[in-house]
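Visitor: Chains as they are written, first to last, in our numbering: chain A, 1 to 313; chain B, 1 to 190.
Please keep in mind that the hints were generated in silico from the structure rather than gathered at the bench. Misleading hints may appear alongside valid ones.
With a Cα cut of at most 30 Å, we get these calculated BS3-like pairs of lysine-lysine [stated by the list, open to error]:
1) K14(B) <-> K152(B)
2) K57(B) <-> K83(A)
3) K34(B) <-> K83(A)
4) K83(A) <-> K10(B)
5) K42(B) <-> K14(B)
6) K42(B) <-> K57(B)
7) K98(B) <-> K42(B)
Distance windows between CB atoms, simulated [stated by the list, open to error]:
8) D66(B) <-> A276(A): 56 to 62 Å
9) D66(B) <-> I161(A): 58 to 64 Å
10) S5(B) <-> E281(A): 42 to 48 Å
11) H191(A) <-> D137(B): 55 to 61 Å
12) R142(A) <-> N129(B): 48 to 54 Å
13) F81(B) <-> R142(A): 54 to 60 Å
Only a predicted model underlies this, so the values are computations on that prediction, with no experimental measurement involved. Even for Gly, the Cβ is constructed at its ideal location relative to N, Cα and C.
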Amino acid sequence: MLRARAGLLADIRSFFRQAGVLEVETPVCSRFGVTDPSIESFTTRYTGPGAARGETLYLHTSPEFPMKRLLAAGSGPIYQICKVFRGGELGTRHNPEFTLLEWYRPGFDHLGLMDEVASLVNALLPSTLPVERVSYGEVFQRYLGIDPHVASAESLRQCAIGTGISGAETLSLDSADAWLDLLLTQRIEPHLGRERLSFLFDYPASQAALAKVRPGAPSVAERFELYLEGIEIANGFHELTDAQEQQCRFEQENVIREERGLPTVPMDRNLLSGLASGMPECAGVALGIDRLLMRVMDVASIEEVLAFPYLRA
Amino acid sequence: MASYSTSEFKGGLKIMMDGDPCSIIENEFVKPGKGQAFSRVKIRNLKTGRVLEKTFKSGESVEAADVMEVDLQYLYADGEFWHFMDPETFEQVSADEKAVGDTIKWMKAQDLCTITLWNGSPIIVAPPNFVVLTVTDTDPGLKGDTSGSGGKPATLESGAVVRVPLFVQIGEMIKVDTRTGEYVSRVKEG
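Turn these sequences into a full structure, and let the hints guide you.
Guide: In structure tokens, the structure reads:
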């Protein structure tokens, strides 16, 4: 396993060297955190010169914000391989600290970046797999016969009960998106990435996260995810570059945090000023190295690809 | 009332589900990178033995079931209840037919059974893994045959019928694995 991991990392670095993408490092600890209500940051404290009374620092959950500041400063295409940290996540596919590969391509949109993700992943897997691209709307129609862009929370709930998700009757979920997450994880993901790379793209605008929203009927978020053997491997965006829109989303997310009784998180003002100074149009993606290694080694649990998983860390 | 949040879920945890005590067999954490987290659990209903799946929202709480397992000595049956005693405290409990279930065919006075108590009352009586019981009936006519192929049925003092080798005779004591219902060996008296 150690050799497979080292080999994978070496192959990724060689892929990007050939592609002319620059490797960068950005801080793990920041005064600012991620406001996304579904992501929980670890915090730590620094006390000493520069912060005599001490201050709270957030461990990054992805290196996205500082990498975007580099893009805004004119770095050109960049990538990073780093450990990231997320609270509350432990299971066969989750470890609270895990290794992320994140990269950004100025001038690409989410469709163009999907092609590059496919060629990287196919270069890393033992054999080349066919690539399937299917929109979020199509996949819900195909497996559940429902339109995820217009369906109400109640009709999604009925769909979950109708399709036999045990416990759906008594679940209290606070949004249509949460029901979509339930249906996606329980009834659709298992079909995705079987002997192929499956890209799911054009997400509901309500799940845009940091992606551009393309107006239309319906409006969709220019976001994609890659699945291998039913497991989510990567998440990419045609990146939002509008500082004002970004600030609105941060603020809304903190409002949702308050409603749910979660701690609010200071939004990254450095990112906002970076965006305001002019970030190039680009696409970016984060890919879970541990999960990719699970596929390369054909193992079912993330513990099997970590030298020391959480419970033995 | 005690309760557990989904983060405390793990194999063996006892929770209440639809009014019945259940034991978690397996817990799977499910979460899209950007989205709602769930716990998908496999649970066994301790009263019916049925295994079911259920999905919870992460962070949800469920009521804990006051369930514990104790090793108690089987004393006697009175026709309606089976009576057991804690060999240390001499405290007695009685189990009904539903709790005793199939275990009845392995039960012999003095043996230690594992009893699952829910709110203090027995809901499952499990026999020891191995029991020693006397053969009360088996076909005696095959004594000379030592080929050992197939064996023959033998009725034991507790009522169970197991397949035994042909040399086993009425009145002998044998050791049986209650998990498989299979003969293990003969046991010398004394």
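Visitor: Checking one constraint from the list: CA of K98(B) to CA of K42(B), max 30 Å. Satisfied?
Guide: holds, 24 Å
Visitor: Does the Cβ-Cβ separation between F81(B) and R142(A) fall within 54 to 60 Å?
Guide: Taking Cβ atoms as reference, F81(B) and R142(A) lie about 58 Å apart, which means the hint holds.
Visitor: Quick check on a hinted range of 58 to 64 Å for D66(B) and I161(A), using CB atoms only.
Guide: violated, 31 Å
Visitor: Is the hinted pair K83(A) and K10(B) satisfied, with a Cα-Cα distance of at most 30 Å?
Guide: holds, 27 Å
Visitor: Check the hint pairing K34(B) with K83(A) against an upper bound of 30 Å on the C-alpha distance.
Guide: holds, 18 Å
Visitor: Given the hint that K42(B) pairs with K14(B), does the C-alpha gap stay at or below 30 Å?
Guide: holds, 12 Å
Visitor: Within 42 to 48 Å: is that where the Cβ-Cβ distance between S5(B) and E281(A) falls?
Guide: holds, 44 Å
Visitor: Do the beta carbons of H191(A) and D137(B) sit within 55 to 61 Å of each other?
Guide: Distance hint for H191(A), D137(B) holds at roughly 57 Å.
Visitor: Measure nothing beyond the straight line between the CA atoms of K42(B) and K57(B); if it is 30 Å or shorter, mark the hint as holding.
Guide: holds, 15 Å
Visitor: A range of 48 to 54 Å was offered for this pair. Does it hold for the Cβ distance of R142(A) and N129(B)?
Guide: holds, 50 Å
Visitor: Given the hinted pair K14(B) and K152(B), is their Cα-Cα distance within 30 Å?
Guide: violated, 42 Å
Visitor: Taking 56 to 62 Å as the hint, is the beta-carbon distance of D66(B) and A276(A) inside that range?
Guide: holds, 59 Å
Violated hints, in rising order: 1, 9; the structure is consistent with all others.
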